[in-house]
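Peer 1: Starting from the structure of chain A, add chain B with the ligands where the hints point.
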Amino acid sequence: MTYPSSRPDVLIVGAGVVGAACAYACTAAGLRVAVVERGAAGGGTTSAGEGNILVSDKEPGPELDLALLSSRRWREISEDLGGGTVEYEAKGGVVVAGSRETADGLLRLTAGQRARGVDAVDIGPGELSELEPRVTRQAVGGAFYPQDAQVQPMLATAHLLRRARQRGAVVHTGTGVVGFVRDRRGAVTGVRTDSAEVPVVSARWVINAAGTWAGRLSRLAGAPVPVLPRKGYVLVTEPLPRVVRHKVYTAEYLANVASSDAGLETSVVVEGTRAGTVLIGASRERVGFDRGVSLPVLRTLAAQAIGLFPFLADVLLLRSYLGFRPYCPDHLPVIGADPRAPGLLHACGHEGAGVGLAAATGHLLAQHLTGERPDLDLTPFRPDRFEEATA
Amino acid sequence: MTTSPAERPGTRYDIAVLGAGPAGLAAAVAAAGQGAGTVLIDAGARPGGQYWRHREGDEGALHHGWGHFRRLRRGLSAHGADYRPGHCVWHVERTEAGFTVHATREGSPRTVRAKAVIVATGAYDRQLPFPGWTTPGVFTAGAVQALLKGHGVPAGRRIAVAGTGPFLLPVAAGLAEAGVRVVGVFEAGLPTAFGRHPLATLRNLPKLAEGAGYLGTLLRHRVPYRTRTTVVAAHGTATVTGATVARLDQRWRIVPGSTREIDCDTVAVGYGFTPQTEIPLQLGCAMRRDADGSLVARVDARQRASVDGVYVAGEACGVGGAQLSAVEGELAGLHAAYATTGSAPDRRRLAGLLRRRAAQRSFAAALHRAYPVPDGWQTWLERDTTVCRCEEVTAGAIREAVDDLGATDPRAVKLYARPGMGLCQGRVCGYATTCLVARATGRRPTADDLRGMATRPIAHPLTLGALAAGDDSGGDDSGGG
Ligand SMILES: Cc1cc2nc3c(=O)[nH]c(=O)nc-3n(C[C@H](O)[C@H](O)[C@H](O)COP(=O)(O)OP(=O)(O)OC[C@H]3O[C@@H](n4cnc5c(N)ncnc54)[C@H](O)[C@@H]3O)c2cc1C
Ligand SMILES: Cc1cc2nc3c(=O)[nH]c(=O)nc-3n(C[C@H](O)[C@H](O)[C@H](O)COP(=O)(O)OP(=O)(O)OC[C@H]3O[C@@H](n4cnc5c(N)ncnc54)[C@H](O)[C@@H]3O)c2cc1C
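So the protein sequences, as listed, match chains A and B. With our numbering as the guide, the letters of the first sequence map in order to residues 142 to 532. With our numbering as the guide, the letters of the second sequence map in order to residues 37 to 517.
Since the hints were made in silico from the structure, they are not lab data. Please note that a few of the clues may not be correct.
[Claimed, not checked] For the chain A half of the interface with chain B, some residues (derived, Cβ under 7 Å), not all of them:
#  : residue
1  : 181
2  : 188
3  : 295
4  : 299
5  : 311
6  : 314
7  : 369
8  : 440
9  : 443
10 : 444
11 : 453
12 : 454
13 : 455
14 : 456
15 : 458
16 : 460
[What the hints assert, rightly or not] Partner residues aside, some chain B positions facing chain A, computed with beta carbon under 10 Å:
#  : residue
17 : 336
18 : 340
19 : 444
20 : 459
21 : 492
[Said to hold, decoys possible] What follows is a set of in silico ranges between Cβ atoms, one per label pair, in the way DEER data are often shown:
#  : chain 1 : residue 1 : chain 2 : residue 2 : range
22 : B       : 141       : A       : 245       : 42 to 50 Å
23 : A       : 455       : B       : 106       : 36 to 44 Å
24 : B       : 252       : A       : 384       : 33 to 41 Å
Since the model is a prediction, treat every value here as computed from it, not as a measurement. Even glycine gets a Cβ: it sits at the ideal position worked out from N, Cα and C.
Same shape as in the complex, but just chain A (with noise of 0.2 Å):
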């Protein structure tokens, strides 16, 4: 591959899997893409979380019609990329609930889901340990959510920069960005490195998808917006046969993930891996970019795994894993242009569902970006929104 002689249309700081989907979207749509990426690629978040593509645990509001329309673009891109080569899976989500109440709350969030277009089939005992039998007999009822899907997310982010390198991006590793270069009038014009070797790159427009660093490197642009940590993990079992068929989470998972309560937070969402390792995650805290492991956190997780999945008691666990999600203080990602720095853009801030999120979000920038009119209504997600909240 040759290096373009003439400068890139955008420059996307951060290979996460949000950065890899904007570079495979923007390359899709014939623009010239360059990344930076400070460490190696998928390093970040990506390296550190799960892989669900959920539409499930979103209420009805602007971050489910995100989901569903990811939920398509990534049907497509795992046809394009080969569904295989980035483990690509429609398994199907299973919501559990443990109580009456709760089977209620969950019977009004599916009515309000199915009217903004999820698939969501509401199911009783039964059904539910058809679908999972291995579940406990303590459940009440449930919901089952034939959309959900997965990728293994280091894969997916490995091959969506493949492609966009086939289709003539180049991406810089070890290349952190210190600075943005601006105009005369204030637009941005590119970045600065710590790299000797590309010091500078400019660009028509640059792209901030540096994660959970993404407050960090707003900053640096004089834009901020505010990305925070919020610490998960995620427990890994030995490999076992197929015993876990879908994604399973107890109906409380949804009321966590909207939640803005500082202290910790778990409830469980189980699955099988392909490798035959179950998956359990995952905790949600606040607690900045402490990687010290609490085990605390990790006792809770394996009791209400086992709430959930009684056989899981004797089942032995091989190792754990932590990563910070990039959070928003309305719990919304921030996708588009910024006022504030002309030339600027954030694809930032998708908390626990960046992965999820990610086709979507290339997918809407890169319409953005050839003039074309984005699918989706970017409004909710503007960059300049937290200032409007505070003025």
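Peer 2: This is chain B with the ligands only, laid out in the frame that chain A set:
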């Protein structure tokens, strides 16, 4: 062992020693001897670690330094240290008051609290992949030795011993003495470097005499000893039926035309050691890449790691043999006892230990220079040679993760191609994967590369039930995080 008051639930020890090999035993005895409340925790059924591994009732006929072991074992009870065999430590947590050690005993959770910890978890054999290395009948040299020492069982009837390093000799000699036919000792290196380090040699005459003794044993049993030669392939499907042996050049590439087939039913292989560093990594201790290419904990002159209250002794802070491990353990025990109880160690004793440590470390460094592992072993592999046996990842798949998917470090390769994701969590393939990725990306392995394959928040598998239950006997540990 007597039940001391310290054993009551909820009690906090001054010092918890993790691992009861030469380093841990020496540490526990030294600490308890200074009056520190000490607990010695070990996964094995009997103390001794890898070096003094023995059977029930075995009183040391086959062992070196058995008198030393007996003294340490006596010291343990004489000084009132608590000894907890059969405890697998899976996590060590820092708390405000010190440390909580989380272990399982027969699957049930156990916790122990202490003001300081001494990590003496040792090392295990480093393996390199080669075609056929996953065939039943290919063992690590350490496993073969453990079978013999720990169970009195020879691993096979016609055994080839291959790899590099002086510790192949005791394994082969032990087998020969137990009446096993050792078809050859194939040393990939050319250990002549000792001649160039006369000082180290002089200071460690006793150790070399040990080596000479082993060589004598091999000679007596007519076991061929070949240098710059190794087993480059094992044959057979259900079990090993033979192996290919080849001569190597200086960089360990196969000398063309030098391969030959040998008849054996077992291959014992060891290419040095991989220290067990999960616990220092969990605790956030600074690490370094040692002269032999292994990731080890950094320690200062008092065996202190970079994290307050954490000491590391023995192979976990650098491979150097049983005697060095014991010296380091004793130092760690004395210093940790002083730090936690204020009981000052005897100066002359300290000075003597420091002298011995310096001499043995320079000997260890000379060993590492004499037995390097150059990366030519990578040329023995075929594309379809398994590197990670748990997840069945081939050398070709690792190469593709770098060439096609753009992985630049072992951690990314692990996430793309899954080496190190299986049951053993990269304990076996971590070193090889790191080297393969480094070479494929045109550089040398770094400490960060190694760390990416060695970080394990769960040092030992436990059931989710045990994790969820926590320990109700060892005191409260819920407030630690
Ligand atoms: C435990 C856990 C479970 C999760 N489960 C799911 C799930 O099931 N489904 C789902 O959709 N999401 C899940 N997530 C969330 C998901 O992982 C994230 O939303 C997503 O990975 C974010 O992707 P990103 O590309 O925005 O960020 P990252 O992957 O963090 O990428 C940002 C990149 O920017 C780079 N960067 C930062 N600053 C600079 C700079 N100055 N210069 C150059 N490069 C820079 C970083 O190095 C990084 O590689 C989970 C997260 C966690 C922690
Ligand atoms: C095949 C072979 C031959 C050798 N021959 C010689 C020789 O001839 N001369 C020589 O000087 N040296 C020899 N050695 C090296 C010698 O065995 C080591 O140098 C020595 O045992 C290191 O002592 P240590 O205390 O650091 O670790 P070890 O002896 O390995 O002891 C570590 C202990 O920690 C325990 N442990 C580890 N992790 C955990 C955990 N998570 N929870 C609980 N317990 C844990 C282990 O069970 C073990 O008992 C040989 C080694 C091998 C493998």
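Peer 1: Report the numbers of all earlier hints that the structure fails to satisfy, in ascending order.
Peer 2: 5, 7, 17, 18, 24
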